[in-house]
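Novice: Spelled out, the chains give:
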Amino acid sequence: MEPLRTHKGLVCPLNRTNVDTDQIIPKQFLKRIERSGFGQFLFYHWRFDDNGNPRPDFPLNDAKYKDASILVAGENFGCGSSREHAPWAVQDFGFKVIIAPSYADIFKNNCVKNGILAIQASEEQVQAIMEKAESEGYTLTVNLEEQVVYDHEGLEVKFDIAPYPKQMLLNGWDEIGVTLTYEEKINHYELVHQQP
Amino acid sequence: MQTPKTIIQKIWEQHVVQHEQGKPDLLYIDLHLVHEVTSPQAFEGLRMNGRTVRQPNLTFATMDHNVPTRERHIIKDQVSKTQMDTLKHNCQEFGITLADIHHPDNGIVHVIGPELGLTQPGKTIVCGDSHTSTHGAFGALAFGIGTSEVEHVLATQTLWQAPPKTLNVKVNGELGTGVTAKDLILAIIGKYGVQFGTGYVMEYTGTAIRALSMEERMTVCNMSIEAGARAGLITPDETTFEYLRGRRHVPQGEAFEEAVAKWRELATDEGATYDAVVEIEAAEVEPQVTWGTNPGMCIPITANVPSPTEAVKTSKKDEITRALEYMGLEAGQPISSVKIDHVFIGSCTNSRLSDLRKAAEVIRGRKVSHAVTAIVVPGSFSIKLAAEKEGLDVVFKDAGFEWREAGCSMCLAMNDDILSPGDRCASTSNRNFEGRQGNGARTHLVSPEMAAAAAVAGHFVDVRQFTAQEVG
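Chains as they are written, first to last, in the working numbering: chain Z, 1 to 196; chain U, 1 to 472.
Keep in mind that the hints were calculated from the coordinates and are not lab data. Virtual Cβ for every residue (Gly too), placed ideally from N, Cα, C. Treat the hints with care, since some could be wrong.
[Unchecked claim] Non-contacting residues of chain U with respect to chain Z, defined by C-beta distances greater than 12 Å in every case (computed): (1) Q2; (2) K5; (3) R210; (4) F241; (5) T273; (6) E281; (7) D341; (8) K367; (9) Q465.
[Unchecked claim] Computed spacing ranges between beta-carbons, pair by pair: (10) G172(Z) <-> E93(U): 25 to 33 Å; (11) E184(Z) <-> R47(U): 20 to 28 Å; (12) G177(Z) <-> H103(U): 32 to 40 Å; (13) G39(Z) <-> E238(U): 51 to 59 Å; (14) G154(Z) <-> E265(U): 53 to 61 Å.
My request is simple: use the sequences and hints to build the entire structure.
Specialist: Dropping the structure here:
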């Protein structure tokens, strides 16, 4: 996993609440057995009509958000199914950072495992960013070490993140590798609890 | 004297492998359930890093999401077939027991775990599926995980988890006649929203919960995730123990009584406190129908579809407007006036024998409306057999239902059971998200009884009055 320390990128607003993972990546695309290539199906039925043509009013189809790498959305983003294909699609499409008032637990966890920073900001802050992102070329800079997001117009959002996911993201750790350094402890637990 | 603890804290503490200040705990996992959709990339990860499965005998796999329900041996979709074949190869390579589509234990992962007695009180249970919360009905700490975590559990039999906050969902009194566990959980989500459980593990308590059967408890715990909670559980009691007695994977004879004695100790201590409490009066719950595009958008069968003007926040107004548009409904119309063209009875929420029995009671001697296509998909192969032994298949078929093979089926339409744009379905599943049952299809979540009544009437109908009527 790639470390994420600072990131500067174009902001794309998605002004919807309770965006579920069925919308992020519809079920017909869950049959692949690879981790890659899901970006083309991101928000598939919101991005494309029944004939496969892009819907012009959907932000991800707007030319001014081409190459956006920061997604801003409404509360409870990523609710529903645990499918990790959702963050895979978000990432494969080019997003490295998400900003929303709240996230579903499993989705947020899945983001960390893939090096995506899911920032929690207040509803007012998210609204302010959404409005600014209406203008062409609006970018934000994220500094994970300092836990702050800012633009060149004086907007500054401090955010909270627990120490463990922060370290995971900053260092791009392979979590299984870390856990296996505790193998003795796992062996001991199994011995005491009579696991085979 | 020890501080009183909740069952959640007790199970947690029993499973901590490594605890360090400022870090999540390393939690031991007692049971890992695996299915074909969320596991291929995890096994591939193991292979790429030269890792093995640490505890193959704490791991159990099934095929459910892609399984056809007509001729289950003929998988027309090659991509589905590849995914199922991949699971088979992975289970062979890593030494994991698999109930494939030809196996008598096959069924929906959250149906067969309890059926086989793999699900037990006090266990930590995970699966790459958000409805793993179902197993909480037994007093297990069970939650859904992503594929990276699936790989982590396969390799280490552990997970890094921050201790959750605890939420007591207290249901007082008793449910009225014709009101089901499905109505109860929908009403709870309707009242408190789709994210009140986020960050929490819920414990369902109160007299109405105690009165539920195991299968009804599974329906309630199943939908904890629709309230945002990764896990929801119920303290085990006599109902739990009697359900488990004699099942294949539980201890037998003397050992079972010893296990029960241990399980009893899991009960939340008197005086234990939760981080939050919500309460609901069971008697106030009516049969529910969802009108919108998330499970929180639900109303009693006696009510009218809401209007955007009822919302205060702009984002809520927009959400209601969008949902009405997608669902093709008018604000203010009675939900009972909504006509349907499909009925789906099945899913890990409502596909167990008691669900099928109750639905069969409603339709016995009646006919499915000519405008409706109705299917029943039992949760497992063994439920299908048991139902056939009682003649339920005949009741359904006589009424005009299609009687299918087991699987996840139209809950998420990954197999051939998929609706067309504009189709409207009364469904006993758990999610009414846009496109869940097919692109452009409209899902209304209901109980099996309500689904059966709607199948006959051709529109939503209050099952309490419906069953009182004579069969005509």
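Novice: Determine which of the earlier numbered hints do not hold for this structure and return their numbers in increasing order.
Specialist: none
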